[in-house]
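Sequence order for the protein chains is F and Z. Sequential numbering of the first sequence, starting at 1, is according to the numbering used here. Sequential numbering of the second sequence, starting at 1001, is according to the numbering used here.
No lab work stands behind these hints: they were computed from the structure. Hints are not guaranteed to be accurate.
[Claimed, not checked] Some residues of chain Z that are not near chain F, with every Cβ distance over 10 Å (derived):
| id | residue |
| --- | --- |
| 1 | Glu1048 |
| 2 | Val1061 |
| 3 | Glu1075 |
| 4 | Glu1080 |
| 5 | Glu1085 |
| 6 | Asp1097 |
[Unchecked claim] Stretches of chain F that chain Z covers, calculated by requiring three or more beta carbons in the stretch to come under 8 Å of a beta carbon on chain Z:
| id | region |
| --- | --- |
| 7 | 50-64 |
| 8 | 366-376 |
[Claimed, not checked] Label pairs and their calculated CB-CB ranges:
| id | chain 1 | residue 1 | chain 2 | residue 2 | range |
| --- | --- | --- | --- | --- | --- |
| 9 | Z | Arg1083 | F | Arg498 | 53 to 63 Å |
| 10 | F | Gln421 | Z | His1034 | 55 to 65 Å |
| 11 | Z | Gly1058 | F | Gly495 | 34 to 44 Å |
| 12 | Z | Pro1122 | F | Ser673 | 15 to 25 Å |
| 13 | F | Thr566 | Z | Glu1015 | 37 to 47 Å |
| 14 | Z | Leu1065 | F | Pro701 | 51 to 61 Å |
| 15 | Z | Ala1022 | F | Asp53 | 31 to 41 Å |
| 16 | F | Leu33 | Z | Leu1065 | 27 to 37 Å |
| 17 | F | Arg498 | Z | Gly1036 | 22 to 32 Å |
| 18 | F | Ser673 | Z | Glu1015 | 39 to 49 Å |
| 19 | Z | Arg1083 | F | Ser743 | 22 to 32 Å |
| 20 | F | Asp53 | Z | Gly1036 | 51 to 61 Å |
| 21 | F | Asp53 | Z | Thr1131 | 52 to 62 Å |
| 22 | F | Gln421 | Z | Gln1119 | 36 to 46 Å |
Nothing here was measured: the structure is a model prediction, and the numbers come from that model. Glycine included, every Cβ here is placed at the ideal spot set by N, Cα and C.
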Amino acid sequence: MPDNCRTVGKNIARIGAVERLQGRPVFSADLSLDDALVLKVLRSGRAHAVVKDIDVGPALAVDGVVRVFTEADIPGENRMGIINRDQPLLADGRVRSSADPVALVAARSEEAAERAVAAIQVTYEDLPAVFTPDEALAPGAPAIHPDGNLLFARRIRRGDVEAAFSRCAVVVERTYRTPFIEHAYLEPDAGAGFVDDDGTLVIYASTQNPHYDLTEVTRLLGVEKWRVRIIQAATGGGFGSKLDLNVQGFIGLALYHLRQPVRMVYSREEAFLATAKRHPLEMHFTTGADEKGRLLATRVLITCNTGAYGSYGIAVTSRSAVHATGPYKIENVEIESRCVYTNHPFCGAMRGFGTPQAAIAHEGQMDLLAQRLGIDPLEIRRINALRTGSVTATGQKLSASVGIGECLQALTPHYDQARRQWRQEPSSPYIRRGVGIGCMWYGIGNTGTKNPATARVAMDREGRVTLFTGCADIGQGSSTVLTQICAEVLGLAPGDIRLVVADTGLTPNAGATSASRQTYISGNAVQTAAAKLAAALLEAAADQLQVPRASLALSNGEVITGAEKTGCVSFARLAQMLHDQGVSLEFEGFFDPPTTALDPATGQGVPYATYAFAGQLALVEVDTLTGEVRVARIVAAHDVGRAIHPENVRGQICGGVAMGLGFALMEQFVPGSTLSLKDYHIPTCADMPEIVPIIVESEEPSGPFGAKGVGEPALIPTAPAILNALADALGKRIDTLPASLESVLETSIATGHFGPREV
Amino acid sequence: MKNHTVTIRFTLNGEPTTVEAAADVSVLHLLREHLGLKGTKEGCGMGECGACTIVVDGRAVNACLMFAPQLDGREVLTVEGLRAEDGLHPLQQAFVDHHGVQCGFCTPGALMSAYALLQENPRAGREEIVTAISGNLCRCTGYRNMVAAIEAARDRRTDK
């Protein structure tokens, strides 16, 4: 790619890294507010019940307790939810899961708050509860919400599946299952707040979307938006779970009534119990191909268990359907994905929104077809890979930046070497080696719905530039990337840009840090805002220097003429001049990716403006005697459009691989019995394979400097690649996750591998 | 309930320190709430995540699993005390250079584990580095750049 950029594409030091290495950033639990009251929630502990009575009297009698709130204290609308609004902040006469909040205590100390929570007397009348989608959809099942237990269904229809199946040389049918998954970000949810001198309720929180928090908190409190200000504190990871209102609503309610500082910090146990999980999916796939391996048809039925509330369930459901074809061309599809309420604690967004689950299924199908047809697994993917001009299952014609072919190309030498050599040389007779591929595509931004971002760039009288963005950097590095984009447009060094981030009192709305959308969407908004400032400076300089504007360029804080720099004028001089004329040097940029809503009956439409693509290769060793799996190497090729910060992209890929490895092999959240990190294992440094990240840049014309996104794509192909490698090693697939020690050992025994290889 | 407080004298980041604290408070609580050192993080409170790792008498320990009186007479290093005369400690600089930081919540603990390792074994190999930080959970980085940073810091020290 031609590169005349000075900052974009360069590995500048991450903004905030030095502070983090010195332990200086203030995370929500680190906030010290004078005389802050401690907030704690009483949760129901039962799956489904009517709340007959709440007696807060004994709690109020506890020394140090200031107030106990119930739903009667909520001045606004006691309903939350970003897509469908079904979740009360405090129980509204009924509890639908064991995690449901019933009452909120404000006390002078942690101990008093805990004693008060234990002292609240609630009288319940239990209702029948359902825990699986099958139970929830059975006739006569108890309705968890008034409109029944089927929250949503996404259908995609194209071509004639029945006719196409009859033309197939092979048809494979399989059911894949994934468990509840916990985000396990390192920082448990927390927040704190106080009432400002002018009466504004100021809430600091660990969040991925401060502007959504503002909408939700003001609606709960029934106040206008300017009465509340949400500030993102340093945030220790989120991965989707900090898109929901976790502590913000409780803090808002207490501030509204008490007008004194409060703080709320979840223990790890509470974060496990009360925040969203990744949806468990059951995925039934029937896929057919002709004798040459070309995919002709797929029929898919997916069921998502969203637990007691919707949260992002509708988005997960929709995305799992749209992505069910994988990055492949299939002309005949019949896909249905359903989102079902049960009485488990709720599920919500988690890195990939249903796509990581769907990828396990579509990649399993590809390997099964390859095996049945005697075609190499890499080859069958190459044959079917989407390319420029392909039409997707939703009828969208892909016009550019379709890098799946390039990703497969990048994997090829690694794959060939692994198949030819590495796989044949197990280190002991009890070890079997396997090689697997996983591919994915991922639509950047929200599915077929508006999801704009606004950014603001301002130059002060001294010529200094400030970038205002509502985009929450939760560790993924958006502040660095957006600064690079701003600096590039203005010809400045990144260090010259001052940043104001994720504060609803100061920054414009950038939407959520989710859906791998911020580099693409906020990146475009920042680029536009900066370009407007650049244009104003160029115009003023053209006047000043009496030269044509086209001959001018921005460089190092000056406007210069031509390459030989025959004349120049500094930003500071121009800024002063323009400010003195009363000209504002504050500009907004806005970007909303062009999409169309999906047709409810056929799913046809343009759900995303652009897609990221990736392929990963896993090299796996299985101990046939113990079931132990060692992932030796992951080669990860990702088409990101353009890497604004290549090391940041590689960092996302490596983190995604770790999360994908956990998803494949060890992670499983069992509601009711998984209580803390003691019961839920995520990969440690010792579990990690060698990772070879490969950046593929298939430029996206509508992206800032050609960029798309990588946050979620990083994780998606890993688990499918590992599962396919395991199947390659053992000769039998594991389609129910996780492929735990027990499950691998069982497979090893079932396939007769338990014992040494015959030499 | 009676509140037994004890006097604890120890060296904290090079400074002699005396505090009065209840006998049953954890070192993590003592550092964060009594001494205002909030660089040490609480991620689980049960010794599983390593976010609260500090160095006590040269060894990396989980501050959440240690009672405050156990510090008496000992030498403690937290992230706030990690520095070189001319600014960042070589480990910190290596984490910047090798992009070993993402959200930063596990970072102080991981630094402390790495520091204790390199103090004890300046020539620690990759496997020892991996073992040393395998008690520090990180959900962001996949650990690769953290290991690279620690190796670079080691090489810088042994070059000298």
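Structure-based check of each hint:
no.: 1; hint: Glu1048; result: violated (4 Å)
no.: 2; hint: Val1061; result: holds (17 Å)
no.: 3; hint: Glu1075; result: holds (18 Å)
no.: 4; hint: Glu1080; result: violated (6 Å)
no.: 5; hint: Glu1085; result: holds (15 Å)
no.: 6; hint: Asp1097; result: violated (8 Å)
no.: 7; hint: 50-64; result: violated (count 0)
no.: 8; hint: 366-376; result: violated (count 0)
no.: 9; hint: Z:Arg1083 x F:Arg498: 53 to 63 Å; result: violated (26 Å)
no.: 10; hint: F:Gln421 x Z:His1034: 55 to 65 Å; result: holds (59 Å)
no.: 11; hint: Z:Gly1058 x F:Gly495: 34 to 44 Å; result: holds (37 Å)
no.: 12; hint: Z:Pro1122 x F:Ser673: 15 to 25 Å; result: violated (44 Å)
no.: 13; hint: F:Thr566 x Z:Glu1015: 37 to 47 Å; result: violated (59 Å)
no.: 14; hint: Z:Leu1065 x F:Pro701: 51 to 61 Å; result: holds (55 Å)
no.: 15; hint: Z:Ala1022 x F:Asp53: 31 to 41 Å; result: holds (38 Å)
no.: 16; hint: F:Leu33 x Z:Leu1065: 27 to 37 Å; result: holds (28 Å)
no.: 17; hint: F:Arg498 x Z:Gly1036: 22 to 32 Å; result: holds (28 Å)
no.: 18; hint: F:Ser673 x Z:Glu1015: 39 to 49 Å; result: holds (46 Å)
no.: 19; hint: Z:Arg1083 x F:Ser743: 22 to 32 Å; result: violated (48 Å)
no.: 20; hint: F:Asp53 x Z:Gly1036: 51 to 61 Å; result: violated (43 Å)
no.: 21; hint: F:Asp53 x Z:Thr1131: 52 to 62 Å; result: holds (55 Å)
no.: 22; hint: F:Gln421 x Z:Gln1119: 36 to 46 Å; result: holds (41 Å)
Violation of the numbered hints given earlier is confined to hints 1, 4, 6, 7, 8, 9, 12, 13, 19, 20; the remaining hints are satisfied by the structure.
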